[in-house]
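Engineer: The listed protein sequences correspond, in order, to chains F and H. Here the first sequence is numbered in our numbering, starting from 1 and rising by one per residue. Here the second sequence is numbered in our numbering, starting from 1 and rising by one per residue.
Bear in mind the hints are in silico, worked out from the structure with no lab data behind them. One or more of the hints may lead you astray.
Going by beta-carbon spacing under 7 angstroms, a handful of chain H positions derived as facing chain F [as the list claims (entries may be wrong)]:
#: 1; residue: Glu58
#: 2; residue: Arg65
#: 3; residue: Ala68
#: 4; residue: Glu70
#: 5; residue: Gly76
#: 6; residue: Ala228
#: 7; residue: Tyr310
Glycine included, every Cβ here is placed at the ideal spot set by N, Cα and C.
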Amino acid sequence: MTNAQKNKVIDKGFQVIGIVCTFFGLVILAILIYNILEEGLTRIDWDFMKNLPSRRPQKAGIYTAVMGTLWVLVLTTLIAFPVAVGAGIYLEEYAKKNKLASLLEINIANLAGVPSIIYGLLGLEIFVRIFGLGGSVLAGSLTLSLLILPIIIVATREAIKAVPSSIKDASMALGASKWQTIWNQTLPAAIGGILTGVILAISRAIGETAPLIVVGALAYVPFAPSSPMDEFTVMPIQIFNWVSRPQHAFSVNAAAAIIVLLLITFIMNGIAVYFRNKWQKKVKW
Amino acid sequence: MSKKTSQISKIILGVAIIFGLVSCGGNTEQADKKIGEEKVLSGNIKIDGSSTVYPITEAIAEEFRAVAPEVKVTVGVSGTGGGFKKFARNETAISDASRPIKDKEKAACEENGIGYVQLEVAYDGLAVLVNPENDWVDHLTVEELKEIWEPSAQGVVMKWSQIRDGFPDEEIHLFGPGVASGTYDYFTKAINGKEGASRGDYTASEDDNVLVQGISTDKYGLGFFGLAYYEENQDKLKLVGVDGGEGVILPTQATVADGTYQPLSRPIFIYVNDKAAEREEVVAFVEFYLELVPEIAQEVGYIALPATEYAKQVEKFKAFIPKK
Numbered sequence: 001m002t003n004a005q006k007n008k009v010i011d012k013g014f015q016v017i018g019i020v021c022t023f024f025g026l027v028i029l030a031i032l033i034y035n036i037l038e039e040g041l042t043r044i045d046w047d048f049m050k051n052l053p054s055r056r057p058q059k060a061g062i063y064t065a066v067m068g069t070l071w072v073l074v075l076t077t078l079i080a081f082p083v084a085v086g087a088g089i090y091l092e093e094y095a096k097k098n099k100l101a102s103l104l105e106i107n108i109a110n111l112a113g114v115p116s117i118i119y120g121l122l123g124l125e126i127f128v129r130i131f132g133l134g135g136s137v138l139a140g141s142l143t144l145s146l147l148i149l150p151i152i153i154v155a156t157r158e159a160i161k162a163v164p165s166s167i168k169d170a171s172m173a174l175g176a177s178k179w180q181t182i183w184n185q186t187l188p189a190a191i192g193g194i195l196t197g198v199i200l201a202i203s204r205a206i207g208e209t210a211p212l213i214v215v216g217a218l219a220y221v222p223f224a225p226s227s228p229m230d231e232f233t234v235m236p237i238q239i240f241n242w243v244s245r246p247q248h249a250f251s252v253n254a255a256a257a258i259i260v261l262l263l264i265t266f267i268m269n270g271i272a273v274y275f276r277n278k279w280q281k282k283v284k285w
Numbered sequence: 001m002s003k004k005t006s007q008i009s010k011i012i013l014g015v016a017i018i019f020g021l022v023s024c025g026g027n028t029e030q031a032d033k034k035i036g037e038e039k040v041l042s043g044n045i046k047i048d049g050s051s052t053v054y055p056i057t058e059a060i061a062e063e064f065r066a067v068a069p070e071v072k073v074t075v076g077v078s079g080t081g082g083g084f085k086k087f088a089r090n091e092t093a094i095s096d097a098s099r100p101i102k103d104k105e106k107a108a109c110e111e112n113g114i115g116y117v118q119l120e121v122a123y124d125g126l127a128v129l130v131n132p133e134n135d136w137v138d139h140l141t142v143e144e145l146k147e148i149w150e151p152s153a154q155g156v157v158m159k160w161s162q163i164r165d166g167f168p169d170e171e172i173h174l175f176g177p178g179v180a181s182g183t184y185d186y187f188t189k190a191i192n193g194k195e196g197a198s199r200g201d202y203t204a205s206e207d208d209n210v211l212v213q214g215i216s217t218d219k220y221g222l223g224f225f226g227l228a229y230y231e232e233n234q235d236k237l238k239l240v241g242v243d244g245g246e247g248v249i250l251p252t253q254a255t256v257a258d259g260t261y262q263p264l265s266r267p268i269f270i271y272v273n274d275k276a277a278e279r280e281e282v283v284a285f286v287e288f289y290l291e292l293v294p295e296i297a298q299e300v301g302y303i304a305l306p307a308t309e310y311a312k313q314v315e316k317f318k319a320f321i322p323k324k
């Protein structure tokens with residue numbers, strides 16, 4: 001075998017390994033989804049969506065959990081988005097490249113790797129106890145906001161970095177102030193990347209259980225929150241609760257709730273993707 | 001370009017408005033409403049604590065809605081210890097507990113001026129289980145269980161044959177609840193004599209269904225968990241009798257209720273805060289709880305106390321209600 005032939009075989013081999021790796025994840029995902037759909041799909045009906053939690057698996061529903069999840073998600077996004085984008089803009093556009101800036105950078109990168117339960121403990125002490133918010137939707141949302149801040153900040157910075165400096169220079173050269181340049185040129189061009197970060201962040205937040213349990217999300221809440229100060233539960237907690245019950249009918253409920261949770265994630269992501277595409281197309285220089 | 005800008009500012013404005021609106025709504029603690037002469041109970045009852053007691057409390061809260069729809073009962077699952085922490089801070093009215101309150105927790109309650117009453121609500125039995133294909137074990141003594149589970153057994157007792165002569169020379173695979181659960185605390189105290197002391201090389205899961213799965217697919221498996229999980233999976237598991245010195249006893253509704261299944265059966269409790277007991281809706285809820293729990297406990301897989309015991313708990317609570 002000549003060297004060239006050998007290289008070809010290695011080439012081919014690596015391609016195959018690559019394909020296997022790609023499909024490995026996909027197959028696992030497919031099996032998971034199939035499993036869940038098979039077990040839970042028949043359980044989903046209107047009653048399941050609008051019933052309150054119950055000890056009788058047939059009567060139990062996810063209304064309060066879905067409402068809690070939606071409340072938490074919307075509030076979390078509203079809190080985290082402006083703060084994170086503001087921080088991203090500061091770090092990328094205003095901060096001088098000195099020791100302080102690099103210290104901030106390292107810490108934000110570290111924050112992204114902190115286990116979520118730690119955020120729960122932080123939220124319990126600061127929001128629940130010191131701010132006196134109790135186990136409320138607002139306390140849970142603030143805690144999750146902290147959790148997803150680093151993700152959005154990093155995404156914002158990357159997106160801003162990707163905006164060509166020639167555009168910014170041109171804007172400045174035409175007499176625009178720094179803020180005018182950021183607001184009129186940089187942000188519109190970067191919004192697609194920023195929203196991608198927001199999508200990732202929301203998808204992470206929607207599945208979080210541990211920090212919310214620590215903050216005081218409950219397992220049995222027979223009413224939907226009507227204000228940010230109300231007590232709440234979220235879908236992962238309801239699912240976990242059902243999975244750990246001895247009766248099999250509850251694990252069917254859990255599967256059905258997982259389907260609903262996946263749907264909510266897809267819809268939220270879909271909305272964000274829609275906005276991203278819509279705004280990205282508009283930017284033309 | 002200006003179009004883009006206005007779009008972004010519109011969104012930010014919208015976000016700000018929504019945020020402003022939602023933050024205006026405050027928590028409204030409802031007072032008792034009077035409709036005509038009849039008083040309609042209302043208010044909030046916050047309950048937290050053990051996940052073992054949770055199914056009972058959840059079921060009772062669910063039934064209570066039919067009686068007093070205006071009372072908002074919420075139940076959390078912070079675990080017995082986590083529940084007592086909140087209880088001692090006066091954050092909850094009732095605490096679910098799968099063990100009696102500890103001295104440290106008592107001290108915390110006293111410090112904050114919180115009085116309470118302990119009410120037994122049901123029994124929970126711990127079952128020791130093996131695979132149905134296991135034909136050599138029908139009972140184990142408490143000493144044998146200790147030999148298997150004590151801390152010094154780690155890495156030493158690895159085969160069935162080490163436990164009793166005649167057992168096969170095969171590896172033993174152990175399954176049990178995770179160290180954070182009250183069930184683990186209870187088992188280690190009852191078998192090894194010290195709470196939290198056990199070998200670490202066993203398959204641990206907080207989810208008892210994982211343990212059921214593990215034992216039911218492993219011929220050489222052995223594990224323990226709440227009796228309720230055995231009752232739902234009788235076809236997949238084999239129950240092992242336990243000899244606590246007075247003969248082999250299988251855990252059943254009867255042997256747990258009359259206390260002959262020892263040492264692996266325990267009472268489970270609720271604790272009621274004395275300030276909360278000044279509120280009518282809390283009193284109504286606890287009375288409703290004690291009235292309904294014999295039936296509910298069975299339904300969700302626990303074992304009811306004897307009727308005389310419940311009568312005692314009702315008396316105990318009556319004596320506890322602060323006089324106005």
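Engineer: Run every hint past the structure and note whether it holds.
Structural biologist: Right, here's what the structure says about each hint:
Taken as an interface hint, Glu58(H) checks out: its beta carbon lies about 5 angstroms from the nearest beta carbon of chain F, inside 7 angstroms. With a cut of 7 angstroms, the hint placing Arg65(H) at the interface with chain F holds, because the nearest CB-to-CB distance is about 6 angstroms. Nearest Cβ of chain F to the Cβ of Ala68(H): about 12 angstroms, over the 7 angstroms cut. The hint is violated. Checking Glu70(H) against chain F by beta carbon gives a least distance of about 11 angstroms; that is not within 7 angstroms, so the hint is violated.
Interface hint at Gly76(H): satisfied, since its Cβ lies 4 angstroms from the closest Cβ of chain F, which is below the 7 angstroms cut-off. Because the closest C-beta pair between Ala228(H) and chain F is about 5 angstroms apart, less than 7 angstroms, the hint holds. With its C-beta approaching chain F no nearer than about 20 angstroms, Tyr310(H) sits outside the 7 angstroms limit, and its interface hint is violated.
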